[in-house]
Amino acid sequence: MKVLVAVKRVVDYNVKIRVKADKTGVETANVKMSMNPFDEIAVEEAVRLKEAGTATEVIAVSMGPQQCQETIRTALAMGADRGILVKSDDELQPLAVAKLFKALVEKETPDLVLLGKQAIDDDSNQTGQMLAGLLGWPQATFLSKVAIGDGVATMTREIDGGLETIEVKMPCVGTVDLRLNTPRYASLPNIMKAKKKPIETIEVGSLGVDVAPRLKTLKVEEPPERQAGVMVPDVPTLVDKLRNEAKVI
Amino acid sequence: MAILVIADHDNTAVRQATLSTMTAAREIGGDITVLIAGENCRAAADDAAKLEGVSKVLYCDSPLYGHHRAEPFAALISGIAAKDYSHVLAPADTLGKNTMPRVAALLDVAQVSDIAAVVSPDTFVRPIYAGNAMATVQTADTPKVITVRGTSFDKAPHGSGAATVEDLPAGEDPGLSKYVSSELSSSERPELTSARVVVSGGRGVGSMEDFHHIEGLADKLSGAVGASRAAVDAGYAPNDFQVGQTGKIVAPELYVAVGISGAIQHLAGMKDSKVIVAINKDEEAPIFQVADYGLVADLFKAVPELEAELAK
Ligand SMILES: Cc1cc2nc3c(=O)[nH]c(=O)nc-3n(C[C@H](O)[C@H](O)[C@H](O)COP(=O)(O)OP(=O)(O)OC[C@H]3O[C@@H](n4cnc5c(N)ncnc54)[C@H](O)[C@@H]3O)c2cc1C
Ligand SMILES: Nc1ncnc2c1ncn2[C@@H]1O[C@H](COP(=O)(O)O)[C@@H](O)[C@H]1O
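Protein chains in written order, with the working numbering: chain A, 531 to 779; chain B, 1254 to 1565.
Don't read these hints as lab results, they were simulated from the structure.
Yeah, the Cβ is synthetic: ideal placement off N, Cα and C, and Gly gets one too.
Be aware that a few hints might be false.
[Claimed, not checked] Per the computed footprint, the stretches of chain A lying under chain B, defined by three or more beta-carbons under 8 Å from a beta-carbon of chain B, are:
1) 593 to 607
2) 610 to 621
3) 658 to 668
4) 739 to 747
5) 754 to 766
Hey, can you work out the whole structure from these sequences and the hints?
Rendered as structure tokens:
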């Protein structure tokens, strides 16, 4: 079984986000970039499937500028076998990413595509579901457990009220949630080994996909700032304030 | 303009998140149709027909839609939407997040996720980077596929109105997936995303056994219980209690954060609450920067004391 894993390069989750003064976006120059945290979980799951003998090959795919190579290297150091960079210097929105993935799926014919449930930059939570729709494949979103069977997978999902288990036919698309696993840190020897693993670069134009943005960002602004309130010395004062000042209890 | 609202419901009535979605639809303006799909959900269709501003309810009752599996459900929605609608809206809850991007892909249109405001029928404001920035985006696609952030819109009222309920035949089963089972956290407490009071516990609570301190306080305040990611990851609370960027978005009248440091990913899910109380033993904890009332204290002392004081 071949597994394709999506790895997006995003501003590291620890970075304090600054909106650009001209309101065109957020500051990304000289900012630490990392693999989208959900994608680390997706890579970990794919590598575990390989270690368990369920998967035969794990291919990490990133789409964006040349620097996405670094993100792919991280996936290779975690245990992916090879990488594909779909190179584009223009913005790629979820529908475009999904269409590009569809083109790669047609080339690589994987049995499973794993993505993060959400990219922590655009917070769209769309790409995996779109890809499944475009392929006409089943989807298993917000995964907290993956069990691959014979031609089917039993998938447990985090939903509003708790957990739900579904059975999907293979091939399928899965998007992973936080509780699926704890991603490993790449060891130094594995980082060295990863340097020798192949990364294929595909120019976005060569896949014959219309990637023109559909959404136009008119402006990006700071959210309204919340002011810190007061510190209270003890519990009775707190209750008094909540009763008589804020009037919420 | 003709707007299709995809209702989330519990078979007897529409959920609170659907009411917020209705308000967003009314702000866009136009003729509003609500789709109720499910299994044995006639009562929900009748409930939807009473909503203020609804002109028609499409009612599709079939085992195929019982668990809102994405493949048949998205096929149904895209089939309806392709015909006559300028907008398709759903709540940004599990139902909407799972289904709507698939609908958008089937229609070859972009989706605008999790809108927090309607600027005009084609322009919306949405949070990005865990709510650290607000983007105003415009879409030229038709129909416009949108999910709506529940806490950003008032709940549409039920009116005296009685919209027509139109039966819709079920579609085909693509046979790609099967519902197996679910484990739902059952609770007498109010639902987290619409509760008037939410009490959340973090890693500071220390264990699953001690999480009853949080539950006890929530019960004293007739509130819902929430948790930080760290508390959920550590198994103190179930996954559906998680508040934050990648969990639930809440904006109650009163939010009490206990033993939570206040990481941006947590703040993303609760900073629109009206009044925020933080109890933390570390006076430097970032949560105090957004709290209206901060108490530096050991929670194991402060929470029982608070319960006693509230009982007075
Ligand atoms: C991709 C991604 C998504 C995420 N999504 C979310 C999300 O949706 N929601 C979320 O919450 N987090 C999320 N996080 C995690 C987030 O970054 C923080 O790690 C998390 O919120 C920390 O939880 P905490 O405040 O409970 O724990 P900690 O940061 O460990 O804080 C515990 C606090 O408890 C206090 N404390 C300890 N003992 C006591 C005591 N006896 N009495 C009083 N106070 C005490 C400590 O002083 C400390 O401030 C996400 C992270 C990533 C990378
Ligand atoms: N440019 C990209 N390159 C690789 N994977 C991506 C890209 N954009 C999105 N994805 C994948 O899609 C998931 C969901 O992203 P989104 O729909 O933007 O929230 C991410 O977690 C990634 O796994």
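Status of each hint after checking the structure:
no. : hint       : in the structure
1   : 593 to 607 : violated (count 0)
2   : 610 to 621 : violated (count 0)
3   : 658 to 668 : holds (count 10)
4   : 739 to 747 : holds (count 4)
5   : 754 to 766 : holds (count 9)
When each numbered hint is compared with the structure, violations occur for hints 1, 2.
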